[in-house]
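Colleague: In order, the protein sequences belong to chains H and C.
The first sequence begins at 1 in our numbering and counts up by one.
The second sequence begins at 1 in our numbering and counts up by one.
Bear in mind the hints are in silico, worked out from the structure with no lab data behind them.
Possibly wrong hints are sitting among the right ones.
[To be verified] Computed Cβ-Cβ distance ranges for the label pairs, DEER-style:
no., chain 1, residue 1, chain 2, residue 2, range
1, C, 227, H, 131, 29 to 37 Å
2, C, 240, H, 289, 50 to 58 Å
3, C, 314, H, 304, 50 to 58 Å
[Unchecked claim] Partial list, computed: chain C residues near chain H (C-beta under 8 Å):
no., residue
4, 6
5, 9
6, 119
7, 120
8, 121
9, 160
10, 161
11, 164
12, 165
13, 168
14, 305
15, 307
16, 308
[What the hints assert, rightly or not] No more than 16 Å apart at the CA atoms, straight line, and that leaves these computed lysine to aspartate or glutamate pairs for EDC-like:
no., chain 1, residue 1, chain 2, residue 2
17, H, 227, C, 155
18, H, 226, C, 155
19, C, 166, H, 212
20, C, 320, C, 237
21, C, 89, H, 238
22, C, 320, C, 270
23, C, 302, H, 238
24, C, 168, H, 238
25, C, 290, C, 270
26, H, 226, C, 115
For glycine and all other residues, C-beta sits at the position ideal for the given N, C-alpha and C.
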Amino acid sequence: MIKKIGYIILSFFLTRVLFVGNSFNTIINLSKNSILISSFIGMILGIIILFLFYKKNTINKYINIILSTTILIIISISNISLTSSYLLNQTPIFIILIPFILLNIFGSSKNMVTTSRISTIIIIPTIIIIIFSLCGLTSLVNLNNLFPLFNTNLKNFIIAILSFTILSTLPNILLLNYKKKLSFKEISLGYIIGSIFIILLMFYIISIYGYELSSLYKYPEYLILKKIFIINNINNIENILLLEMISCIIITSLVCTNILRDNLHQKTFYLLIFIITTTILIILHKLFYITIIIQNYIIYLYFILLIISLIIPSKKE
Amino acid sequence: MKKILLLFSLLLLLTSCYDYHELNNLNIVNSIAIDYQENEYTVYLEIINSSKKDESNEYKTNIISGKSSNIATAFKNAINKSDKEIYLKQSRLLLLSEELCNKGINNIISYLLNDNTLSNNYILVTTNNINNFYQKQNNTKTTLNILNNNNEMDDIEKITSILINKHKDIALPYIEINNEKINTSKIAYFKEDKINNFIEKKLYDFLIKNNNNTTFSFDNNTITIYKKKIKTDIQKDIITININGYGYINQVNKNINLKDNDSYKILEKELNKQINDEITTFLNITLNNKSDLYGLQDLYYKKYQKENDNITYKINIDIKIDKNGNIYEGYYD
């Protein structure tokens with residue numbers, strides 16, 4: 001059985017996972033300097049949406065499968081494009097993907113309790129890495145870059161709020177599948193802590209780079225780590241600090257594969273994993289432009305999924 | 001058995017040894033230089049020679065270069081001349097020739113920013129003669145030491161963030177090489193992405209880089225500002241630059257007796273006037289040449305979210321002298 005602290009930690013990881021990849025860039029482009037205000041409003045809206053889901057109690061089985069599959073595909077693509085861009089830029093994509101998929105299959109052969117325990121173990125180095133990163137970046141903060149506080153139009157501002165809400169809440173919905181001991185307090189606490197860390201990271205990105213430069217970058221959340229230079233000695237540690245994002249992706253992918261395994265027959269599960277792997281390989285190898293389309297329009301798909309999972313009743317209800 | 005097979009396959013796959021390179025098989029780039037002559041870019045890569053032939057501690061470097069009308073191809077041509085895999089992440093200096101800066105550097109910056117094989121904490125410098133710079137060994141090391149001495153240098157990201165901000169202009173350290181002598185006392189200031197003119201960098205370091213240990217001299221008195229704070233206040237069309245800080249006395253003339261309290265007040269008054277004059281001259285010269293290095297327009301825009309061509313500035317200096325040296329009186333005029 002998952003412990004209460006396990007839910008908080010899982011929610012902490014799930015809240016941040018969809019921000020790894022292109023999401024920071026998307027939100028910065030939309031809300032410019034008002035990113036902190038829009039993210040804060042987005043967080044409050046996210047708590048309300050989580051409460052609605054908590055009251056709804058369960059999610060439809062098929063929606064669960066679609067949601068888990070979508071999130072698994074997207075975070076796998078994010079993971080591979082991040083890894084192949086900065087860490088293993090000469091390694092073929094399938095060599096990066098296969099261990100990731102094998103890890104997920106192995107993780108799904110256990111159960112959700114094991115995933116929760118792994119997340120409880122990983123949380124300590126994760127928190128240390130995050131605090132270390134933020135401390136290392138504090139001296140570079142230039143508050144002038146945050147001004148003017150509101151320099152976007154209302155439409156983009158609203159889209160940015162909704163984007164933050166959708167990106168942070170959507171993976172959290174998956175936790176409703178393991179709700180035996182889950183109370184709203186735990187899921188909301190994990191969500192709030194995770195969101196605060198995202199907002200803090202956004203604050204550092206905008207105050208160090210300024211919105212003009214950070215909106216140019218594909219992965220500002222990674223590139224900012226390159227600037228860490230502590231005691232004239234500790235630098236070039238961005239790849240170690242990146243482990244925090246990778247652990248976020250791994251925990252979420254384990255949650256997704258566990259849900260798929262619980263909702264599908266064994267053969268169907270393996271078939272689906274095979275299809276997912278093949279799809280990712282085809283997209284990344286042959287249809288690169290699809291990743292650009294995904295980056296640009298995935299937020300709308302998330303929005304549709306969020307609404308559908310809220311509206312469509314579960315069979316158990 | 002399945003688990004053992006799975007673990008074994010993970011062991012093989014997770015070693016991250018695919019396509020690795022030994023340090024001996026790498027050419028580590030110490031600095032990069034880009035020149036532009038006759039519609040062609042020339043990229044120079046200064047490579048650290050790893051084979052140690054003599055006992056001296058100083059490292060030796062080799063230069064390879066590539067030419068093309070396109071910057072990316074010029075880079076590729078230079079890299080192709082290397083006998084080993086090129087490693088660019090160790091590079092700490094990027095030299096841009098004066099001709100290139102006259103043409104405009106946006107093209108170069110966007111290429112370099114996009115390239116993830118480069119680090120993003122190297123500093124940008126302009127020079128009048130790239131060939132002469134590389135003729136003498138260890139010039140890169142010397143230059144970096146001179147530039148980094150007490151100065152916080154702008155890396156490519158900082159430069160880019162100013163370049164894409166239309167309300168502010170950049171300035172780069174300028175290395176003037178004449179008869180193998182290196183002069184680093186000037187900066188090249190830009191209008192948008194092109195060189196506008198050159199000016200002594202003392203005031204730039206003092207006012208814009210906010211570096212300490214700037215020395216001011218007047219009437220044979222010399223005072224070093226060792227600590228200061230710069231704040232700006234914007235009221236309607238007037239931007240007030242307030243500088244508060246502390247200085248110590250390096251030297252005083254014959255008429256100053258440091259046992260007398262009033263001498264300090266006289267020195268402070270003269271010092272503040274001197275700093276005010278120097279800053280005003282610096283800002284006037286650059287602003288008259290249409291380069292806003294301090295970012296007055298940017299400050300105004302950040303407060304009022306609109307542009308204003310009629311911004312004026314006011315400088316308030318309040319530097320206190322709180323340290324003196326070993327002697328109380330100067331003994332010469």
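Colleague: Decide, hint by hint, whether the structure agrees.
Modeller: Comparing the hints with the structure gives:
no.	hint	verdict
1	C:227 / H:131: 29 to 37 Å	30 Å, holds
2	C:240 / H:289: 50 to 58 Å	53 Å, holds
3	C:314 / H:304: 50 to 58 Å	57 Å, holds
4	6	6 Å, holds
5	9	7 Å, holds
6	119	7 Å, holds
7	120	6 Å, holds
8	121	7 Å, holds
9	160	6 Å, holds
10	161	4 Å, holds
11	164	5 Å, holds
12	165	6 Å, holds
13	168	10 Å, violated
14	305	5 Å, holds
15	307	13 Å, violated
16	308	14 Å, violated
17	H:227 / C:155	10 Å, holds
18	H:226 / C:155	12 Å, holds
19	C:166 / H:212	10 Å, holds
20	C:320 / C:237	29 Å, violated
21	C:89 / H:238	13 Å, holds
22	C:320 / C:270	11 Å, holds
23	C:302 / H:238	32 Å, violated
24	C:168 / H:238	30 Å, violated
25	C:290 / C:270	30 Å, violated
26	H:226 / C:115	14 Å, holds
Going through the hint list in order, the structure does not satisfy hints 13, 15, 16, 20, 23, 24 and 25.
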